[in-house]
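K.L.:
Sequence:
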Amino acid sequence: MGFYLWLNDELAWAQGTYEYRPMGTAVIAASDLFRRRDFDPRRKLKAPSDARFAGQFASLGHLNAQLEKRRKKLRCERSEPPSPTPNP
0 MGFYLWLNDE
10 LAWAQGTYEY
20 RPMGTAVIAA
30 SDLFRRRDFD
40 PRRKLKAPSD
50 ARFAGQFASL
60 GHLNAQLEKR
70 RKKLRCERSE
80 PPSPTPNP
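Take 0 as the starting number for the sequence shown in numbering that gives the first Met the number 0 and just add one per residue.
Hints were generated in silico from the structure; no laboratory data involved. Treat the hints with caution; some may be incorrect.
Unchecked claim - Straight-line distance between alpha carbons at most 35 Å, and here's what the computed DSBU-like set of lysine-lysine pairs gives:
id, residue 1, residue 2
1, Lys43, Lys68
2, Lys72, Lys45
3, Lys45, Lys68
4, Lys43, Lys71
5, Lys71, Lys45
6, Lys43, Lys72
Turn these sequences into a full structure, and let the hints steer you where they fit.
P.N.:
Here you go:
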């Protein structure tokens, strides 16, 4: 198995292969996780220009771990308090 992942703020696209045969492409909300049934060999990859390539992964588990890691990172960035502004 092998998967390629692209991300933007709202969606995640993955293209997968299984034993050298195409599994197809899946598109999910960035807040979700991929499942095998999400992949459709008839669907073509159409990631928008603002999507960034996130890497190649060996399994659905590794792919989903990357999505969870990204969500944790985004939560930490959002929960950091703003820097204090000096009073004049």
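K.L.:
Determine for every hint whether it applies to the structure shown.
P.N.:
To see whether the hints hold, each was checked on the structure:
Taking the CA atoms of Lys43 and Lys68, the gap is near 26 Å; set against the 35 Å cutoff, the hint holds. Restraint check for Lys72 and Lys45: satisfied, since their Cα atoms lie roughly 26 Å apart, inside the 35 Å limit. Straight-line distance between C-alpha atoms of Lys45 and Lys68 comes to about 24 Å, which keeps the hinted pair within the 35 Å bound. Annotation: proposed proximity of Lys43 to Lys71 holds, straight-line Cα distance about 29 Å (limit 35 Å).
Between Lys71 and Lys45, the direct Cα distance comes to roughly 26 Å. Compliance with the 35 Å bound is thereby established for this hinted pair. A C-alpha spacing of about 30 Å is found between Lys43 and Lys72, which places the hinted pair at or below 35 Å, so the restraint holds.
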